[in-house]
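K.L.:
Take a look at the letters that make up each chain.
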Amino acid sequence: MELLLLLGTPVLGALVLWAFGAHRRAAELNVLFSATTFAAACALTVQVIARGPVLVLHEQFLIDAFNVFLVTLTAFVGLTTALFSRPYMRIEAEHGRVGAPRLRLYHSMYQLFTATMLVALTTNNLGLLWVAMEAATLSTVLLVTLYRTPASLEAGWKYFILCGVGIAQALFGTMLIYFAAERVLGAAGVTALLWTHLNAVKGQLEPAVLSLAFVFLLVGYGTKVGLAPLHNWLPDAHAEGPTPISAVLSGLLLNVAIYAVVRCKILVEGSLRSALPSQMMMGFGLVSVVLASLFLWRQRDIKRLFAYSSIEHMGIITFAFGMGGPVANFAALLHMTVHSLTKSAIFFAVGHAAQKAGTQLIDNIRGLLTLSPTVGWGLMLGSLAILGLPPFGVFASEFLILTTAMKQQPWATPVLLLALAIAFAAIFGKVQPMVFGDTEARRLPHPPALLPVFAHLAIVLLLGLYVPPYLAGWYRDAARLIGGP
Amino acid sequence: MNPLPLDLQLLNACASLLLLLSFSMLAQRRVVNLVNLLALQGALLCFATVLVALRTGQAHLYLSAALTLALKVIGLPLLLHRLIRRLGVYWDAEPVINPSGTMLIGLLIVVFSFGLAQPLAALASTATRSTLGIAIAVILLAFLAMITRRKAMSQVVAFLSMENGLFFGAMSATYGMPMVVELGVALDVLVAMLVLGVFFFQIREQFDSLDLHHLESLKEVE
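The listed protein sequences correspond, in order, to chains A and B.
In terms of numbering that gives the first Met the number 0, the first sequence opens at residue 0 and continues consecutively.
In terms of numbering that gives the first Met the number 0, the second sequence opens at residue 0 and continues consecutively.
None of these hints come from the bench; they were simulated from the model.
None of these values were measured; they are calculated from a predicted model.
Positions of the beta carbon are idealized from the N, C-alpha and C atoms, including for glycine.
Residues from chain B shown here face chain A by an in silico Cβ test under 10 angstroms; the list is partial:
#, residue
1, A172
2, M176
3, V180
4, V190
If we take Cβ atoms under 10 angstroms as the criterion, some of the chain B residues that face chain A in the derived model are:
#, residue
5, L115
6, P118
7, A121
8, E181
9, V197
10, I202
11, Q205
12, H213
13, S216
Simulated coverage check for chain A against chain B, where a stretch passes if three residues somewhere in it have a Cβ under 8 angstroms from a Cβ of chain B:
#, stretch
14, 122-129
15, 152-158
16, 163-172
17, 202-211
Please model the entire structure based on the sequences and the hints provided.
P.N.:
Given below as structure tokens:
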């Protein structure tokens with residue numbers, strides 16, 4: 000019931016906003032639908048706390064410790080982004096960058112995008128997972144090109160083609176899993192793609208097929224995660240689309256893609272009983288961290304800068320899941336949560352900063368503190384949080400990952416530390432003059448929405464100091480579920 | 000050695016024709032012909048699905064065949080033809096690699112695909128094991144076509160050809176995916192085409208052409 004409400008609300012929202020998206024109050028309607036979705040997610044969470052994992056609708060949907068907090072997180076950031084996008088898009092409209100028809104498209108697709116992510120997270124069917132991931136790409140392509148500038152069209156095209164081709168590889172991987180499962184679960188074909196059934200028989204699945212499947216799945220969903228060298232679409236799509244979309248792409252979609260990879264890894268690892276999936280994930284993760292931290296130095300566009308930072312953090316998470324084991328998995332899950340909250344908060348602040356300065360170029364954004372202390376502090380604190388300064392939550396998770404790496408994969412620790420240091424210097428060096436110094440920025444026609452920024456940062460701070468027992472319990476359960484070599 | 004039953008022979012013939020079509024798509028530069036080849040590929044896929052359905056008696060495969068017919072043989076090619084007419088893109092530019100080079104790489108890909116399919120085919124209990132290698136080859140050849148093409152329209156046709164290869168692979172390895180998944184995938188493909196249609200008009204409006212070299216200004220480092 001809660002699940003139907005959770006998945007139904009954004010779908011209904013997409014339809015309603017398609018009809019009334021150009022209305023004066025469409026932004027409020029958007030917030031309302033997102034709030035209802037969040038309420039449904041909370042109700043579902045309460046239910047899972049009370050009764051444990053839930054399997055519903057002919058076993059097609061599954062809520063367990065691994066995805067329940069991701070569902071809540073997605074609904075929560077969906078809501079705060081909707082709150083942020085209300086004044087943001089209004090300012091964009093006043094600046095003449097979007098008209099009423101495009102706002103209609105924007106609002107409707109925003110809801111649809113939320114729906115696809117929630118389906119991807121809650122489905123128990125690997126095939127449906129794929130369908131939802133592809134649908135998530137499709138619903139955001141036209142959002143990336145919302146401004147119709149040459150650069151945004153290029154970004155949209157790259158996004159469409161690279162993610163389309165990538166995800167086609169994932170479909171092949173899914174097919175191979177089905178091929179292996181059919182031999183164990185019977186040719187009826189109804190249960191052979193259901194994750195719970197696969198998980199029950201994973202020890203009997205043919206290792207040769209599953210290792211090949213994992214290569215395709217990792218490359219496929221990895222494209223969507225933005226793992227180097229498949230990350231090309233990510234900075235463009237983040238930089239050229241409207242900022243609320245950058246926030247949800249970076250904060251939520253990447254998480255969902257990692258979730259898909261990890262779900263597949265659990266099955267493959269159970270079948271192979273070897274470290275191949277782990278090693279592949281660690282390899283991709285490390286390459287992403289290192290490449291992204293080097294590219295950070297050369298960025299001149301503020302949104303591209305933080306897009307590369309997302310690649311870096313996705314690399315860290317992938318590496319941690321690759322290491323496996325209770326502590327690394329716990330840290331990776333925590334990192335997914337805090338990265339998502341921090342990065343979306345940063346994008347909110349960056350969005351308003353860019354609107355004030357009238358440009359996204361770092362060199363032309365100066366002295367945010369003088370004109371708007373809240374935007375300036377939001378950006379500064381957000382950057383410090385994402386760079387892993389204590390006492391923010393990112394510090395806690397990165398610390399856990401590094402100490403585990405020292406024990407389990409000592410060779411990787413110096414590489415990680417060096418990359419983190421490079422990233423720190425790059426981002427801090429670029430953000431610091433943006434916040435301090437003289438300004439030429441302009442006033443905005445509407446007051447910016449900064450409540451979401453500070454709400455997110457407060458939660459990240461809280462998670463750095465104290466992880467509530469429910470959440471810690473889920474992380475531990477999920478970490479056990481994910482296992483490791 | 001006993002000769003194969005007729006339906007399996009036909010299925011193998013389908014597979015080889017699919018591969019042949021993939022190669023001709025690599026060489027073809029007229030976009031209209033490219034779309035026709037794609038439709039032909041869809042028709043072969045549909046025919047192969049019916050063959051497997053007859054052999055195994057699985058009812059959902061007929062539905063899948065009907066879906067292929069509606070979407071890949073009729074729907075999408077019609078849509079693409081309309082787009083081509085309205086946008087006036089009839090020829091692709093010179094490919095990135097010259098045609099003979101592309102063909103050679105294509106040959107290597109086929110050898111590689113059969114190598115890749117070897118361990119899988121040995122496991123396949125289905126009667127169609129020999130076709131798995133071809134399915135992988137079709138996917139990878141479409142990939143090659145996407146790399147070597149310069150016009151947005153031909154890249155999209157190659158993308159759809161990759162989708163055909165995937166479906167053929169699914170069929171030859173497992174007699175098709177469960178219906179709910181196939182419906183979902185079909186829906187995604189359809190929506191993807193609609194999005195693309197909108198997208199093409201946006202690109203043309205902005206650049207007055209669908210040549211992809213307009214879309215090369217975003218760089219990793221500036």
